[in-house]
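A.B. asks: The chain contents come next:
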Amino acid sequence: MIRIYSIISLILIGMIFIYVADEMPAFGSPDNQINNRVYDRYTERSFEETGVTNIVTAILAGYRGYDTLGETTVIFTAGMSLMLLFSRWKNG
Amino acid sequence: MIYPLGLLLLLFLVICALIAVSLKDLLDSVIVLSVYSLIMALTWLEMNAPDVAFTEAAVGAGVTTFLFVAALSKTKRREE
Amino acid sequence: MANGEITSIVIRTVSRIIIPFIQLFGLYTIIHGEASPGGGFQGGVILGTSIILLTIVFGLEEAKRRIPRGLILVFMSLGLLIYSGIGLLDMLFGGKYLEYTRLPLPLPAHEISALSILCVEIGIGITVMSVIILLFFYSVRDEDAHGINA
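Residue numbers (my numbering), protein chains in the order written: chain A, 1 to 92; chain B, 93 to 172; chain C, 173 to 322.
The following block holds chain A by itself, in its conformation from the complex:
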């Protein structure tokens, strides 16, 4: 019985996903929402504003520096809490 329930719920969730995927913007289309706001500025002026030729690095470390700082803090916090939890390391 529980099998039938799980199959029915899976089909329902799958239908929702397929319905939502139909509403997603088309792959690589220039009319997408992400392509008409800051796209021009990144591709044209990122070198003179950040001095970096790789636009991905310019966005990650230059324009979105706060986000990358947050990511590094998350990694640092993971390592630090691991060290605090399991600190039975013999320093040989």
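Hints are computed from structural coordinates only; laboratory data are not their basis.
Some clues are possibly wrong.
[Stated by the list, open to error] Simulated DEER-style distance windows between Cβ atoms:
| hint | chain 1 | residue 1 | chain 2 | residue 2 | range |
| --- | --- | --- | --- | --- | --- |
| 1 | A | Asn36 | B | Leu103 | 28 to 38 Å |
| 2 | A | Asn32 | C | Leu277 | 33 to 43 Å |
| 3 | B | Leu115 | A | Ile7 | 20 to 30 Å |
| 4 | A | Gly14 | C | Met263 | 48 to 58 Å |
| 5 | C | Leu277 | A | Leu82 | 30 to 40 Å |
| 6 | C | Leu277 | A | Gln33 | 34 to 44 Å |
| 7 | A | Gly14 | C | Arg238 | 46 to 56 Å |
| 8 | A | Asn36 | C | Pro278 | 35 to 45 Å |
| 9 | A | Tyr39 | B | Leu119 | 43 to 53 Å |
Because the structure is a prediction, the values reported are computed rather than measured.
All C-beta atoms, glycine included, are put in the ideal place defined by N, C-alpha and C.
Following the hints, complete the assembly by docking chains B and C onto the known chain A.
C.D. replies: Just chains B and C now, with coordinates in the frame of chain A:
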């Protein structure tokens, strides 16, 4: 995006995911999962995103496999 | 095999040759990340992977002897300190937090920014490398650094 190549890569991706779920030996499952990550990296590369492909190859196919194997060496290898 | 190391001479020699090249490639990925794919995160992962290879081949004792715990702690904090320190330095010279172009160096503004981004990438790389080494050191036991009990 080259259409047939992308379709083939995505097909292999789905096949690898299904195999990784259905295997009983968890070490084999980890290996298939690393193959999955490698195909995912190829897919990113084929979508002209080499930075993400680099991350996926280094983290997904490298470090995650090592960490899974290290975790397996502390627990049981076979699924009941 | 006594203390969790591989005794095969082929694997030991090949790893001894290949580990410096892996580390060189990691450094290249960090430093050249401004012009080619790559960056701090990827390079840090590659540097950490070379230490994982060293641990698997030469045993956990050897790796812990080369990389003591205090060094990992210092590196982990140093990376984040470089990143946030550059942000604070920008604030000190009158800019916003992480506004790179305000540092008083005798260079054009975009080159100061590129230099700051390089330092930021190095900081990220150091932190990620130490955390990955730490994760692997904690997840292998002393007696079975490589083997799996069936």
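A.B. asks: Evaluate each hint against the coordinates.
C.D. replies: Going down the list of hints, with the structure as the test:
{"no.": "1", "hint": "A:Asn36 to B:Leu103: 28 to 38 Å", "in the structure": "holds, 33 Å"}
{"no.": "2", "hint": "A:Asn32 to C:Leu277: 33 to 43 Å", "in the structure": "holds, 39 Å"}
{"no.": "3", "hint": "B:Leu115 to A:Ile7: 20 to 30 Å", "in the structure": "holds, 22 Å"}
{"no.": "4", "hint": "A:Gly14 to C:Met263: 48 to 58 Å", "in the structure": "holds, 51 Å"}
{"no.": "5", "hint": "C:Leu277 to A:Leu82: 30 to 40 Å", "in the structure": "holds, 38 Å"}
{"no.": "6", "hint": "C:Leu277 to A:Gln33: 34 to 44 Å", "in the structure": "holds, 39 Å"}
{"no.": "7", "hint": "A:Gly14 to C:Arg238: 46 to 56 Å", "in the structure": "holds, 51 Å"}
{"no.": "8", "hint": "A:Asn36 to C:Pro278: 35 to 45 Å", "in the structure": "holds, 40 Å"}
{"no.": "9", "hint": "A:Tyr39 to B:Leu119: 43 to 53 Å", "in the structure": "holds, 45 Å"}
Consistency note: the structure conflicts with none of the earlier hints.
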